[in-house]
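Trainee: Starting from the structure of chain P, add chains C, D and B where the hints point.
Chains as they are written, first to last, in our numbering: chain P, 1 to 182; chain C, 1 to 119; chain D, 1 to 434; chain B, 1 to 194.
Since the hints were derived computationally from the structure, they do not count as laboratory data.
Please read these numbers as outputs of a predicted model, since none were measured by experiment.
Calculated pairs, DSS-like style, for lysine-lysine (alpha carbon to alpha carbon, straight line, at most 25 Å): (1) D/333 to D/354; (2) P/88 to D/95; (3) D/125 to P/88.
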Amino acid sequence: MSDFSKMPGYVSTKEEHGETTVVVDRAHVRDACAYARDELGFNVLMDVVATDYLGWAGKGVSGYIGTASGRDLNAPMTQGLQALPDVKPARFSVSYHLLALRQGAPRLRLQTWLEDGDPVDSVVPVWPAADWFEREQFDLMGIRFHGHPNLARLLMDDDWEGHPLRKDYPIGGEPVRFSPAE
Amino acid sequence: MLSDWLPFLIYGLFALAIPASMIYFSFALATRPRRRTRARVIPFESGVSQGQMRPQRFTVSFYLTAMLFIVFDIEIVFLYPLAVQLHALGWFGFVEFAFFVLILVVAYVYIWRKGALNW
Amino acid sequence: MSTTLRHVGRTRRWPVVGDAIYDGSRIPARVPTVLDVPPHLRDTDDVLTVNFGPNHPSTHGVLRLIVDLDGEEVVGLSAVVGYLHTGFEKNMEQKTWWKAITYPERIDYVGYQNNELVFVLAIEKLLDIEVPEKATWTRMLLCELNRIHSHLVFLGTSALELGAISMFWYCFRERENILDLFELVAGQRMHTRYFQAGGLAEDIPIGFFPEARKFVENMPSSLDDYLTLLDRNKIWLERTQGVGLLSSDDAIALGQTGPVLRASGVDWDLRRDQPYLAYEQVDFRVPVYTGGDVYDRYRVRMDEMAESVKIARQCVDRLERMEGEPWIADDRKVVLPPREELHTSMESLIHHFKIVTEGYRVPAGEVYVAIESPRGESGCYVVSDGGPRPWRVHFRAPSFAALQATATCSQNTLIADLIAIVGSLDAVMGDTDR
Amino acid sequence: MSDPTRLRDYGLQSERLLWPTKGPSRFEEELGVEELEQALGITTLEKAVRWAQTKSMWPDTFGLACCAIEMMSIVGSRYDLARFGMEAFRSSPRQADLLIVSGRVAHKMAAPLRQIYDQMLEPKWVIAMGACASSGGMFNNYAILQGVDRIVPVDIYIPFCPPRPEALMEGIIRLHEAHLAGIPPAYERKQVAT
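Chain P extracted, bound-state conformation:
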């Protein structure tokens, strides 16, 4: 894949499952996106996703049990080896999925890592499509997008407290009653 090192705020590249993930520093997100759009031709922003990694790879979060080379039905003793997933740099990750409308449909994931409460520059000036994507992530995950023209709750009610998709937000709903007696 083409080399991404000249991207402003470039940290690292990861190739996995045939997908390219470029980790970018939080302060340079907008310049990195503008660079990706102008120089690398990624002209469509498909999606903005925030992920909460609170409690990731902790005890009890069972990693994948198996050998490093992969699963083997008949290889005994592949249990026990609890491969804990790798530790993440920060609590939240915001991933921008980009697509270039040209031969071969190259895709790119620009990822930034941030702690709770750190603002990220909004990319609405680069792609107008980011307007609702970022509002939804602010509403459900609590990521503050600095410079967003209309940052307000989108899916939840306006007077809703808390950000539901966070790992420390309870699932809500009701305990299931299996008989009227309970």
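Mentor: Frame of chain P, contents of chains C, D and B only:
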């Protein structure tokens, strides 16, 4: 003399009786609570109505469209008596009314060209 | 790709067909999704604010448009969504992978097979499991039938709103035939949950292919009926042509995909440009129109239905030759072993028990899979921590992006045209609110 | 009768209502209506009114989610709700008698739903179509109202997800049967302010 007005009287009575019975039965048989809850008073605004709509001004184009409708609707009303008597009037009635319609067609072409029809 | 590659400025290298519909960009400057009332009208009280609210017959679900009207003319518009927010992503994080497959169908409940497919493809990409050919072709057949079903629901309801009421009954007559096929193959009309991670839940029943053949034979004639009914209908043409314009630049800037993008003159279809399943072994044409208005979106969807029937026919031909082939992978760690094997082999019993109780485990990693759903690119971003439950699932909803274009498309239109525009964007509210 | 909220409190042994054939319906047998009235073919005014009310019960288009797509298909030609005089789906609650809540009710949609229910005129009924409307269905989370009977009194609950058109039709037929047999609508049985 009075007797030939009798059918008209009976017709009038029926014309009064039918709506009156509708109104009466809709109250008599209604299964409706006495006091009117707030939701009944406010307008239906797809479920998110805040309260009484404040009176607002309507643009003049609504009025213009209404006037044009009236002009061309009354034309049809005059057609009815003609249709009833067309056989008796013969050609005279037909030509007379063709002239009447012609005037309105001229009016119609005028307002069409002036663009009063499109919003 | 046959289309000319237009080099307009460095950032605009994409396959555009035909010239621009309007020059410059019509995306509102302040907020891309909100059309502001022009200053000279703002403080006068000529402007009537109307709630095109959640419970409105023509908003295809619980979309709320706050529309500012100057007489009949739409001068201000802002969409409010969230009235059907169901918290899919939170619920799927609590379920095992096996149980979570039931959820995605209810997101875009008109194109439900495609939603389930995108989540299953994401799991298989993480597992890098090899899916047998028969399962791939059956998935393609069911997704194409679902595309026809989705476009029929679009055609039926949006024609109903513009006054062509009889179209509703025609389209729902064909839709019943498709639902019979789904019921025959999976047991239920909608939300069939027929795809598993590794293939299909069951084999294809015996009587399916004659029925599918019969549907594929007489569907084109029904499509011609719709065309003769609508295509030269003066009222339909008057109401749809030149309404809700969206140029290719604006469509791409707003992240539009699918029929809305192809109607604005951008020749882009994931089935051909990023083939998944077995779309490269099937020949079909991608309809592209350059008008960018409501009429061209309707035309794109009509042609797509014809193409989908062609693809379905090729799938049925191919599947009939694959009679006894396996319909699910045989990797015991992920796929339930067949019943009779449980009585004899101890390992199968253990695998069966582990899969059913704890759920199979998917290696740690993050993956984004995108397919061409009837509404556009439907993507699924899955993060797994190697455990039996997904860590994070996020669906890229094409309807969510489509509704961002309402403010751009409905500039200087009448209130009646707004109904045609919202209908032509074909947004399903479950998909928008997730 | 302590708290007439359940059908059993009205003296109905069988929850299963049968479509009234020629004779008095199962209800009337249980409720002990004498046969004289049936023999002479006379009826009470109230029954006549109730008969009229079941013959053209206009539903309100309250399509929320997947059940709305199945609700649309019962207007189609194969299942055809016009046989019960109900094909006119009114969009304004003022003209609707029956509110079919088809789909999952988010908390944000609860207030509009309640307002539309209040704006409907009596006698009005509510059908909770599908598992999500009846009980929150598979979405036991922060966003979905766990059953629409928390905010509106419901007459008929229809299971399945989404219910087949036949299931919705049976729900509607049972509603007609219950009304013909004299069971008051839910807001009266449960004394809910309308």
